[in-house]
Amino acid sequence: MRVNLTVNGRPQEADDVWEGESLLYVLRERMGLPGSKNACEQGECGSCTVRLDCVPVCSCLVAAGQAEGREVVTVEGLAEYARQRAEGGATGARGATGVRGGESASLDAARRWQARGTDSQTGENIELAPVQQAFIEAGAVQCGFCTPGLLVAADELLEHHPDPTDEDIREALSGNLCRCTGYEKIMDAVRLAAARRSEGAGA
Amino acid sequence: MDFLRPASWEEALAAKAEHPTAVPIAGGTDVMVEINFDHRRPEYLMDLNRVADLTEWEVGEDFVRLGASVPYTRIMEDLRTELPGLALASHTVASPQIRNRGGVGGNLGTASPAGDAHPALLAAGAEVEAESVRGTRRIPIDAFYTGVKRNALAPDELIRAVHVRKADGPQQFSKVGTRNAMVIAVCAFGLAVHPDTRTVRTGIGSAAPTPIRATAAEEFLNAALEEGGFWDNGKVVTPSAVKRFADLCAAACDPIDDVRGTAAYRRHAVGVMARRTLTWTWESYRGARRTTEGAA
Amino acid sequence: MTANGAPTGLTQGSTTRGGIGESTLRPDGVLKVTGEFAYASDMWHEDMLWGQILRSTVAHAEIVSIDTSEALATAGVYAVMTYDDLPTDVRHYGLEIRDTPVLAHGKVRHHGEPVAIVAADHPETARRAAAKIRVEYRELPLVTDEASATAPDAVLVHEHRTDHHSGHVPHPNIVHRQPIVRGDADAAAGRADVIVEGDYCFGMQDQAFLGPESGLAVPGEDGGVDLYIATQWLHSDLRQIAPVLGLPEDKVRMTLSGVGGAFGGREDLSMQIHACLLALRTGKPVKIVYNRFESFFGHVHRHPARLHYEHGATRDGRLTHVKCRIVLDGGAYASASPAVVGNAASLSVGPYVCEDVDIEALALYSNNPPCGAMRGFGAVQACFAYEAQMDKVAAELGLDPVEFRRINAMEQGTLMPTGQRVDSPAPVAELLRRVKAMPMPPERQWESSEGADVRQLPGGLSNTTHGEGVVRGVGYAVGIKNVGFSEGFDDYSTARVRLEVAGGRPVVTVHTAMAEVGQGGVTVHAQIARTELGVAEVTIRPADTQVGSAGSTSASRQTYVTGGAVRNACELVREKVLEIGRRRLGPYHPAWATAELLLEGGKVVTDGGEVLADLVDVLEDEVVEVEEEWRHRPTEPFDPRTGQGNGHVQYSFAAHRAVVEVDTELGLVKVIELACAQDVGKALNPLSVVGQIQGGTVQGLGIAVMEEIVVDPVTAKVRNPSFTDYLLPTILDTPALPVDVLELADDHAPYGLRGVGEAPTLSSTPAVLAAIRDATGLALDRTPVRPEHLTGTAADQDPPGGARNVTPSAPPGALTKSHTARGT
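Residue numbers (the working numbering), protein chains in the order written: chain Z, 1 to 203; chain L, 1 to 296; chain A, 1 to 824.
Hints are computed from structural coordinates only; laboratory data are not their basis.
Fair warning: there could be bad hints in the mix.
[As the list claims (entries may be wrong)] Which residues of chain Z face chain A? A few of them, derived with a C-beta cut under 8 Å, are: (1) Gln42; (2) Cys45; (3) Val75; (4) Ile126; (5) Leu128; (6) Ile136; (7) Phe145; (8) Ser174; (9) Leu177; (10) Gly182; (11) Tyr183; (12) Lys185.
[Said to hold, decoys possible] No farther apart than 20 Å at their CA atoms in a straight line, the calculated lysine to aspartate or glutamate pairs in the EDC-like style are these: (13) A:Lys717 with L:Asp257; (14) L:Lys243 with A:Glu468; (15) A:Lys132 with L:Glu43; (16) A:Lys603 with A:Glu500; (17) A:Lys717 with L:Asp38.
[Claimed, not checked] Covered, in the sense of this in silico footprint (three residues per stretch, anywhere, with C-beta under 8 Å from a C-beta of chain Z), are these stretches of chain L: (18) 30-37; (19) 40-54; (20) 89-100.
Just so you know, even glycine gets a beta-carbon here, dropped at the ideal spot from N, CA and C.
Bound-form chain Z, shown alone (with noise of 0.2 Å):
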């Protein structure tokens, strides 16, 4: 079948779609958009948390059919639509347009990949959501692979609850598993983002 939505505020189109595949499937094998992870495919990791009309879901949990028409806002487009929430102050606004187009994990990318001097260690002339910056700084990331679906859900709750404390984090966090930092530097990036938007805020 057919399905058609919207992902980081681009049309994408998808065909030949097994009716059994799930949303994580199609914008990682089908849309080049492999940031969501593929952990356990069973709803409980949050590895793969997308934001589905502004709401976060595990994707793996979503038929592919049923996003037809629907938005969807991954940790590629997660930058862009916090520099529009930022800008638009709309917080919550139904999608994000105009995102850098998501550049599949290809062979060549494989090839190409090396870790980066001292310029991209701190982020600089990239860039990146509030929340991302934080994880970098707290070393809230260590293997990676559930940093995305933390990084949705991290961003979503300081986008209603600005000030949490931290019961507030573990439990708006309590979906995602992490087997590498013990999620000590999780908090601590979350904490961090939420002291930097209100020292934002109070300037």
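Given the structure of chain Z, go ahead and fit chains L and A onto it with the hints provided.
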């Protein structure tokens, strides 16, 4: 596999009549796991997300008519007053992401004894609104669960809504799992105090082939409360009555040993939860009574 | 002993920004937060096929027949292969013992063993085709525990063993056995005032890395194959893959793709050979991605163990002797079992002084799932048991458990049970002192003005208590872990470092085959290069087999060994650069010949701080490149009868204090705080070091209260291969994790550093168990502790062997068991 996308409730009923094997999918929590892990290959998958009124609810005089697909997040945030037990239960469902998608219709359709909504529905009192092209009927919740993962729906029927009795007194819900979040119930317990009818109702999950009520425990407690004049005098229920109630709740269980827990533990835990939830709700009832009397 | 935190063995005193000791940020961080980092399962190739593995549905059976005809006839299917289709006579692989068939041959030995492989144009086509393969099994009797493995009529899991351990094991169903005898434990027992015995059971843990096993094999025009893969050791994979394919190693070109965690679970091969076979057979790229269900069958797990311990002590709190017997279940194939046995045996006494020991550790072959490497590697199981014992002895003596440990704590100079002298700092007592000195978390922190915050109580969101039945407990533990490969293994790494001028600036490129699995090796390598070469701009090349082996990313060894190799190569590069400088510029300044020269800030400077030249002017167009192997000091094998020998390179130590609150009625546990003090020698990147300690700590927490692969003792089948029933700690199960990092240099190691990753996984589990015992008064002798163990509701007839399948747990209120006080 065919993917059916009815745009309205009527279309959905027609499709279900035409393809009784069609598997309805809304939140996807159960169905997609089975598909992803190759446990199920339904001939037809029927998406109910397009049927808008399934995600709506109406608060009536005595009942809340809760659309089958109202997400758990909405129940826990917007229906805490009307459906406190179900709201508490909703808060224990899986993860925030799942609560954003899943609804009570899925729990009822799957009818797993571990479904989190069941004990709360049993305790509150509810009727399932089932419909087919042949017509609509309301199935009392007590008659809905017919076996392990089996329910009273006919092959051509779909769940449109569940009518849950509005709370007229305190309600509680507890669930035991071996993790502090995102966990399937080892066992669960719901309790609702109904001052209007001077009854207490219960619901037990994951401790029998189907969700059940602890009927003998309810009868004992209702009699004890009546005899002792507790509804009127607002006294603390005697520890021996609480213990007897808890023991009868444990005795109502017919659990199994499985990978999530032992039968003996389930029975034990149901007893503890029965005692605690009765204590919490009764304290709350007494507190509310005092407030009312103080105001009078 | 060097001042805390000062690096030792600096080869030059560079102060270049971004060097060692700073918390520089991950070079792959931006890619990972934008979703652009390419993990193995993200690989994509035009025209690629999907591979699918058919796995055995039974644990032990003869394969009577396999019929693939219907699968082959399915539209969209390009290949179906079984054992008979393998291209060469090399049809087995294995880390130490080549006992694992690429595809099952004649029989299957465990549930989930690969039987056949399929390549098709869509994963669903491949799955449907695999389901059409008909395999007829004739089931065989099972070996599931020590009794069934060594019974007189025991079925042999491997009938014709010829491996190098087969000659010395007491039974063919024992993979390897290592005794350690030192002093005279029986005589020493006579001096003991108290003797405490205990039996312990350790459940099977899964690495549960989040990125499932995946890879992409692309057939080359030269008949070779390119494999993009998530692994821990490229060259070890290569040595196992190439002979099966019948290709020379240079025709199997391996590139590390993004690795979504490892923790030991990627040390063995999973889908590597299968993907290559299908790619070579079909002439098309083949991608294989396990789902979570399959991942539970696709890698080895942490060995479950049964441990018997006897500790003796004098009234004044000194250990007299330790006897122990550790039986690890290795499952159907050897994997890393022999090395795990060596570790379990040699570290079985813990970080304590004890002259008289009698130790035996062994691993079984059984029909349970194969077990091998996982973070902590044999030391984890032992630490759980010996720390429980230390608490029991302390209680018996009426001593504070921390004080009893302090009295017996080893220090620099102490002899290990193997006779090896610990020749670098061993601050065991200091770590305990520090972790005990940390402030305690406040009591009843779950109380708020609006009532109890259930999120901070046992049961969490499930709303099981508002404070009823909740009792707090505190427990301590400390552990010892070896760093690096042991027992005479030629443990080395290779680094290629290149310095050149690009875009008018000096630029360093570091190329190693080290698998970055999340630990941050790429961050540290760049820091080392900056420190050693005084150059800000460092590029880390992707790991592949175009450079020499780096060894495995395991045994806490990569910063030590590959870090050492990078430092060594940088030193050689620096010498060459200075050589060029002397040749070209020496005549213009006498200091070139007379002064100690450093590279700093992109310049050559004297130790007096005088700038002699810009590197840009020294090098001009010249490129300096060095590739060198580097080795740490050699180790020796353990004597097969006495276990004596200098078997380990380095030891690392961590201590934990756990504070828990237990709902004693429901048996639910909330860990309130899990504090750690660890000596890391020198923290090359403090942020990463703390991240490692916290991550390891929480994996230990998981063992303590929830994680276990449950194997049915009757069928040997895995009962919970999913994240629904194999539970990992969520962020709501995880407490605050304060960390106190101690830096006492090991003069034998680069910069004085000590491997970090594993030690925190050891002591975390016993600390949590001790805290639960403190809260409940129960003698808990197994991991994980489940609610039924805390409420006297475990199944009545728990069969022996493996999971859930333990000695019946003590009823509530039971006190510590089996201690014999001897009169003085």
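Hints, verified against the model:
{"no.": "1", "hint": "Gln42", "in the structure": "6 Å, holds"}
{"no.": "2", "hint": "Cys45", "in the structure": "6 Å, holds"}
{"no.": "3", "hint": "Val75", "in the structure": "4 Å, holds"}
{"no.": "4", "hint": "Ile126", "in the structure": "6 Å, holds"}
{"no.": "5", "hint": "Leu128", "in the structure": "7 Å, holds"}
{"no.": "6", "hint": "Ile136", "in the structure": "4 Å, holds"}
{"no.": "7", "hint": "Phe145", "in the structure": "3 Å, holds"}
{"no.": "8", "hint": "Ser174", "in the structure": "5 Å, holds"}
{"no.": "9", "hint": "Leu177", "in the structure": "5 Å, holds"}
{"no.": "10", "hint": "Gly182", "in the structure": "4 Å, holds"}
{"no.": "11", "hint": "Tyr183", "in the structure": "4 Å, holds"}
{"no.": "12", "hint": "Lys185", "in the structure": "6 Å, holds"}
{"no.": "13", "hint": "A:Lys717 with L:Asp257", "in the structure": "17 Å, holds"}
{"no.": "14", "hint": "L:Lys243 with A:Glu468", "in the structure": "15 Å, holds"}
{"no.": "15", "hint": "A:Lys132 with L:Glu43", "in the structure": "18 Å, holds"}
{"no.": "16", "hint": "A:Lys603 with A:Glu500", "in the structure": "13 Å, holds"}
{"no.": "17", "hint": "A:Lys717 with L:Asp38", "in the structure": "19 Å, holds"}
{"no.": "18", "hint": "30-37", "in the structure": "holds (count 6)"}
{"no.": "19", "hint": "40-54", "in the structure": "holds (count 4)"}
{"no.": "20", "hint": "89-100", "in the structure": "holds (count 6)"}
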